[in-house]
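Using the sequences and the hints given, assemble the complete structure.
There are 6 protein chains.
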Amino acid sequence: MTKPFKKILITGAAGRLGSELRRGLAPLADTLRLADRVACEDLQPHEEGVVFDLADEAATRAAIAGCDAIVHMGGAPHERPWQEVLDSNIRGSYHVYEGAREHGVRRVVYASSVHAIGYHPLADHIRGDAMGRPDSLYGVSKCFVESLASLYWDKFGIESACVRIFSSFPEPADRRMLWSWLSFDDCCRLVTACLTAPHLGFTITAGMSDNRVKPVDMSHAGHLGYVPQDSAEPFRAKVEAKTPIQDPDDPATQRIGGWFVNLGHPDDDETA
Amino acid sequence: MTKPFKKILITGAAGRLGSELRRGLAPLADTLRLADRVACEDLQPHEEGVVFDLADEAATRAAIAGCDAIVHMGGAPHERPWQEVLDSNIRGSYHVYEGAREHGVRRVVYASSVHAIGYHPLADHIRGDAMGRPDSLYGVSKCFVESLASLYWDKFGIESACVRIFSSFPEPADRRMLWSWLSFDDCCRLVTACLTAPHLGFTITAGMSDNRVKPVDMSHAGHLGYVPQDSAEPFRAKVEAKTPIQDPDDPATQRIGGWFVNLGHPDDDETA
Amino acid sequence: MTKPFKKILITGAAGRLGSELRRGLAPLADTLRLADRVACEDLQPHEEGVVFDLADEAATRAAIAGCDAIVHMGGAPHERPWQEVLDSNIRGSYHVYEGAREHGVRRVVYASSVHAIGYHPLADHIRGDAMGRPDSLYGVSKCFVESLASLYWDKFGIESACVRIFSSFPEPADRRMLWSWLSFDDCCRLVTACLTAPHLGFTITAGMSDNRVKPVDMSHAGHLGYVPQDSAEPFRAKVEAKTPIQDPDDPATQRIGGWFVNLGHPDDDETA
Amino acid sequence: MTKPFKKILITGAAGRLGSELRRGLAPLADTLRLADRVACEDLQPHEEGVVFDLADEAATRAAIAGCDAIVHMGGAPHERPWQEVLDSNIRGSYHVYEGAREHGVRRVVYASSVHAIGYHPLADHIRGDAMGRPDSLYGVSKCFVESLASLYWDKFGIESACVRIFSSFPEPADRRMLWSWLSFDDCCRLVTACLTAPHLGFTITAGMSDNRVKPVDMSHAGHLGYVPQDSAEPFRAKVEAKTPIQDPDDPATQRIGGWFVNLGHPDDDETA
Amino acid sequence: MTKPFKKILITGAAGRLGSELRRGLAPLADTLRLADRVACEDLQPHEEGVVFDLADEAATRAAIAGCDAIVHMGGAPHERPWQEVLDSNIRGSYHVYEGAREHGVRRVVYASSVHAIGYHPLADHIRGDAMGRPDSLYGVSKCFVESLASLYWDKFGIESACVRIFSSFPEPADRRMLWSWLSFDDCCRLVTACLTAPHLGFTITAGMSDNRVKPVDMSHAGHLGYVPQDSAEPFRAKVEAKTPIQDPDDPATQRIGGWFVNLGHPDDDETA
Amino acid sequence: MTKPFKKILITGAAGRLGSELRRGLAPLADTLRLADRVACEDLQPHEEGVVFDLADEAATRAAIAGCDAIVHMGGAPHERPWQEVLDSNIRGSYHVYEGAREHGVRRVVYASSVHAIGYHPLADHIRGDAMGRPDSLYGVSKCFVESLASLYWDKFGIESACVRIFSSFPEPADRRMLWSWLSFDDCCRLVTACLTAPHLGFTITAGMSDNRVKPVDMSHAGHLGYVPQDSAEPFRAKVEAKTPIQDPDDPATQRIGGWFVNLGHPDDDETA
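Protein chains in written order, with full-length UniProt numbering: chain B, 1 to 272; chain U, 1 to 272; chain Z, 1 to 272; chain P, 1 to 272; chain X, 1 to 272; chain C, 1 to 272.
You may find that some hints are simply not true.
As the list makes no split between identical chains, a pair holds if one copy fits it or if it spans any two.
What the hints assert, rightly or not - The calculated PhoX-like cross-link candidates involving lysine-lysine, where the alpha carbons are at most 20 angstroms apart (straight line), are:
hint	residue 1	residue 2
1	Lys238	Lys3
2	Lys7	Lys238
3	Lys6	Lys242
4	Lys3	Lys242
Hint data in this document are derived by calculation from the structure and do not stem from the laboratory.
This is the structure we're talking about:
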């Protein structure tokens with residue numbers, strides 16, 4: 001059967017999630033173009049690698065030529081000094097959307113983050129597409145790209161799913177991940193759903209596995225067709241055995257952004 | 001065990017869904033009275049047939065005598081010229097509700113349609129009982145009956161479930177049905193749930209199977225007790241193999257009413 | 001200065017509100033075309049009269065030729081037997097919208113009614129554009145036209161304001177009108193606002209004067225630019241002197257539709 | 001592995017649910033302190049019993065010393081004369097919260113009730129944490145404690161889950177329980193979830209099993225991590241065989257509080 | 001003209017607001033019955049005084065005989081030790097509602113308080129009828145009576161307006177009152193509106209003058225017909241001259257309950 | 001009387017609005033520090049001028065030293081090429097917030113814009129603090145600063161009012177400004193309200209005069225205490241005389257951003 005896409009660009013392809021998506025998205029396209037600042041290893045016949053920095057507009061645009069979808073996972077993956085957040089996440093993502101516009105790409109899946117909404121209290125059980133409430137400069141940059149994606153849909157007809165990824169790791173590493181975990185397989189399922197959903201327009205969703213404790217209400221996102229298959233529950237005993245009970249007064253316990261809310265300003269930390 | 005109803009009238013009983021409901025609703029009543037403009041075939045001992053046009057008020061009312069529930073599936077099943085929509089769906093449904101009032105029927109299940117809300121964008125993921133936004137005269141007639149049902153509950157105490165049926169066919173026939181499909185078995189389950197729910201008052205719900213992609217939010221309808229058992233997923237490969245990818249710019253891709261939104265006015269089409 | 005419209009059709013122009021609108025809308029158009037089943041009297045130079053029944057599709061369509069806006073006040077103005085509601089309000093309004101479509105009219109102001117939402121409790125203080133909850137066949141017909149107007153906007157680009165008029169009379173005639181009254185001058189202001197608002201799309205609003213007691217929340221309708229200038233308050237003493245206190249247990253006291261909720265079915269009444 | 005709590009106080013431990021919770025909560029604490037007006041029988045090594053009336057402030061406070069969580073199930077379990085509701089549920093619960101404050105207890109699970117929201121119509125399918133609408137003095141007392149719990153979170157940092165328990169019985173005993181039933185095992189799962197959820201703040205939820213018919217929308221409560229495993233469905237045939245169909249006009253059929261809405265005032269009943 | 005009421009009972013009639021209401025409500029009833037724990041002074045011909053404690057059920061009930069409306073302002077007017085809150089506000093108000101039920105009173109206006117919702121942040125600009133979030137035991141008692149009023153409407157048909165009075169004083173006394181002030185005249189207007197509104201059912205509203213800064217959204221309360229005439233603005237310069245700017249970090253600045261949120265537990269204060 | 005502030009920094013002080021604010025905010029502070037890329041003219045004794053580019057972080061931070069409030073009007077005032085939007089609005093505003101954090105400024109009023117929400121249809125009558133839906137890169141930059149302001153409140157306790165200014169000009173210049181106009185005096189009133197409101201936390205509001213037609217619902221912003229005094233109405237005749245009626249099909253007519261929605265990408269325009 002014909003694959004739905006000719007060529008999908010994956011940014012951040014050498015990163016933790018990018019590597020998983022190489023595997024998970026292979027069935028969707030004839031070719032995966034793998035972009036990162038470092039070369040992706042072990043390229044397969046259906047893969048091609050490109051190396052550049054997202055801050056380099058010309059290189060970023062050029063890498064999009066010939067692609068019909070973009071999975072934009074690249075950029076700083078956590079709180080970083082402002083200049084890096086600016087270059088990698090704000091300027092870099094602008095370059096990606098400009099490339100999509102230049103080359104007629106119609107659909108983008110963007111790795112937004114829980115940190116775009118990290119200050120919302122867990123007990124509020126907000127909708128997964130709630131108004132931004134970032135917990136870091138990193139989170140602010142995620143909100144920026146969500147706004148940009150909104151514009152590129154309304155004005156240029158480029159569809160986007162902005163996926164507020166919670167915690168995508170090999171397995172839950174702390175007590176918070178017992179509710180924030182997104183397994184790699186579920187991450188692939190979710191990105192696949194976003195790429196193949198009948199219509200995205202501009203959609204914000206949240207990315208978690210089918211954990212028992214659910215931090216946000218996902219009743220708004222059924223049109224994506226994401227059905228998680230994994231859960232943090234099998235890891236509970238192991239995690240609880242090795243980590244202390246969370247302090248109920250700690251903002252990191254009370255807010256969905258977790259310990260990001262306790263971070264100071266990254267530039268202060270730098271100078272420390 | 002005593003069946004919950006003595007006699008259920010099914011209108012449109014010779015139609016696609018009516019035929020399925022003959023089978024599916026048999027356990028609920030001593031007798032099914034099967035009404036259509038043409039005679040229903042192969043009547044079983046627990047069935048009785050009546051033939052009339054819903055536009056005939058006297059015949060419609062008479063057919064309701066002795067029934068304690070109505071499953072109103074009759075009328076034009078898709079976009080038709082105005083006069084036909086008026087006679088079959090608007091006038092016909094009024095006759096049904098008047099018959100219910102005359103004969104003391106307490107509960108009606110009405111086959112409303114996705115086309116009552118067809119202009120809502122898929123990406124809005126509206127509630128299944130959202131405000132009407134019809135995509136056709138057919139859809140307007142469905143909104144009319146929903147309003148009528150509201151009145152007959154508030155003023156005359158007749159309970160109604162208005163089921164916005166998406167696409168009930170033997171199997172998903174196009175890519176849209178991968179999210180809009182309602183299997184015949186699930187259709188029977190849904191109508192059964194509406195007939196036996198503890199309390200309906202005036203309830204609007206949507207009718208789909210447990211498809212992976214869900215076009216509307218169904219968190220408002222738990223009191224009906226409908227639990228779909230089927231899914232379009234097993235048909236996905238077959239459907240995708242024989243149908244092209246949808247044009248992302250086509251309103252039929254973006255709106256939940258699908259190709260109905262692209263229909264012109266039916267009376268224009270007639271004269272063509 | 002150029003008037004905003006060349007010719008406005010007013011249906012129901014011989015009726016209570018129609019007569020007022022002849023006066024109130026004169027500044028908006030070079031010509032007012034006055035339509036009713038009976039001839040309008042005292043035609044002025046800027047007025048032209050047409051006589052027909054809205055149930056007559058050809059005549060209704062013909063009357064719309066040459067108009068660039070329609071103020072559709074015609075049809076049965078209160079609960080009537082079904083056949084009359086059907087002919088005057090449902091079929092008649094369909095004819096009006098078809099005429100608008102045929103002749104390229106871009107904006108319609110429709111006299112919907114509080115009776116489209118009459119069963120909502122006063123204490124719920126619903127939004128003025130809340131979901132329909134009709135209190136009569138008359139109210140159902142108003143809901144029908146609202147649905148129709150929604151379709152004609154989405155599909156044919158004809159803008160509509162559906163104005164749920166509460167009680168438009170020379171002065172408040174009973175205690176309910178102390179909150180439901182719409183003065184004739186305010187009625188003209190409201191229709192003028194709807195005709196000249198920068199953008200209507202499909203808008204539902206409610207029509208009342210600036211009475212002290214307000215039955216619905218109007219915070220959704222600011223884009224129309226309607227600013228009422230009158231109030232029922234000056235009539236309070238007079239009204240209270242001649243009418244008894246309302247029975248708190250009477251549904252007519254509790255629901256915004258007032259005594260309409262206590263009406264039986266009009267066809268029953270007819271045979272009485 | 002270390003248990004999450006040293007000592008949990010269960011009030012009402014000799015009651016129907018209390019007995020079940022002795023079993024269900026054993027894995028969560030080194031010791032369960034079992035409080036009731038009568039002695040709990042068959043104390044196990046990990047259990048200790050205390051006997052007092054919740055109306056006795058000193059005794060109630062004393063019983064809380066040394067505990068690090070409270071599961072407050074005690075008090076009148078259904079409609080009772082005002083004085084008893086006042087002493088057992090209002091004053092008694094105040095004593096519990098004061099004891100929690102005095103002794104530094106950080107988390108309370110409170111057995112609120114469907115009767116705090118009993119007058120909401122079933123067809124409204126409200127959220128499980130909707131505004132109170134009590135159906136009895138008993139229900140008012142439940143609302144009171146919910147308010148109190150809100151204060152103790154905001155002002156004193158004591159987390160509470162107020163669980164609006166629907167019908168927790170060995171098995172569904174009437175047709176209403178086909179949707180309101182909470183199995184004993186699910187009750188234990190729910191209280192366990194509330195005790196171990198990462199963050200409660202002040203959370204209201206509803207307590208039912210995974211019944212087919214769901215009276216309220218639970219999409220707001222995912223952060224608790226309660227996943228019911230039982231259902232009333234297997235009991236349906238049995239229940240329907242022995243109980244008549246509900247009268248559709250009976251408020252007890254229409255409101256989620258069931259027959260409580262038909263109770264008169266308890267003090268009137270007393271004097272009867 | 002006939003006055004709308006024969007006899008209105010005002011509880012707390014010797015208090016700050018009660019005294020004002022003697023004047024303000026005089027036009028509404030033939031007789032005002034003035035109840036308080038101390039005798040009201042200067043009784044006028046249309047007034048009659050009764051002296052009792054609300055904690056005395058028999059006396060409270062007896063005082064209601066012959067009245068056709070109750071304005072219940074009595075009870076502890078601010079944070080007090082629990083026993084006093086219990087006796088005056090909880091038990092006392094129950095006695096009032098029981099008296100209303102016994103004697104067929106159909107409408108009660110209850111002086112609830114901003115302290116029923118005092119922990120809501122000012123910047124959230126909640127609706128005036130938002131879910132309770134009390135800031136004190138006093139506030140909890142107000143929530144209790146709101147719940148009780150809800151029950152007495154649903155079950156016994158007694159209408160209530162629960163007015164969350166913000167700060168009713170002769171003039172604004174501190175910076176918070178620049179937004180929370182309710183002038184005595186506006187207080188009389190508001191209670192009058194509640195007594196004469198066409199239908200209350202169970203309505204919660206908030207009570208403030210037309211201050212420039214408005215802490216809550218009042219768009220839900222138009223059906224009461226309250227139109228404030230006063231404002232704190234003329235007092236701004238005077239208040240600002242004598243009081244310091246509020247600390248932006250102080251919870252009393254951020255929450256609508258003001259300094260009540262900083263109060264400790266009243267029973268702790270007592271023992272101090 | 002002591003002024004509420006010692007020194008307020010106004011960025012963009014040489015611009016259209018900045019000049020007006022020099023006059024309007026004079027009563028609020030001992031000193032106004034006027035910042036712009038060009039020198040402000042005619043400095044008064046209570047004014048001091050500073051000249052720098054917001055893209056210069058060190059200069060921006062330095063200019064904030066000694067100030068206790070910031071009115072941040074600076075940056076590109078309409079759609080500009082990306083690099084300019086990035087430097088002036090994104091980087092520049094970051095510098096402002098960092099300066100506020102460094103120097104302990106507690107309150108910032110930020111000139112956001114209607115273009116942060118410009119793609120919302122006028123007929124939706126959204127809330128003034130609705131989710132962003134930018135119509136330009138300029139609008140995206142406004143959304144960015146709103147996100148940044150949210151972070152600086154939650155994490156660093158700096159209060160912000162983000163004012164989505166519609167059209168602030170000497171007088172309404174086109175038909176859109178008949179509903180989008182913010183008079184200079186009202187602009188001063190609004191900024192004054194934001195500076196002196198009792199509590200902002202993080203508040204988004206919209207800025208318009210009291211025009212007859214209101215594009216958004218402002219019922220969420222009462223806590224700011226902004227009461228507009230001007231209206232576009234007196235200019236209506238003049239504006240309508242010199243400008244054509246808007247095309248109802250033009251997106252610029254239908255969306256609240258007006259002609260911004262029809263702009264292409266600014267970098268495309270540049271190269272043209």
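So, going through the hints one by one against the coordinates:
In this assembly of identical chains, the alpha carbons of Lys238 and Lys3 lie at most 20 angstroms apart only when taken from different copies (14 angstroms versus 40 angstroms within one copy). When the C-alpha separation of Lys7 and Lys238 is checked against a cutoff of 20 angstroms, the pair qualifies neither within a copy, at 41 angstroms, nor between copies, at 23 angstroms. In the homo-oligomer, the alpha carbons of Lys6 and Lys242 lie at most 20 angstroms apart only across protomers (18 angstroms), although the nearest pairing inside one protomer, at 46 angstroms, exceeds that limit. For a Cα distance limit of 20 angstroms, the shortest separation of Lys3 from Lys242 across copies, 13 angstroms, qualifies, whereas the shortest one inside one copy, 44 angstroms, does not.
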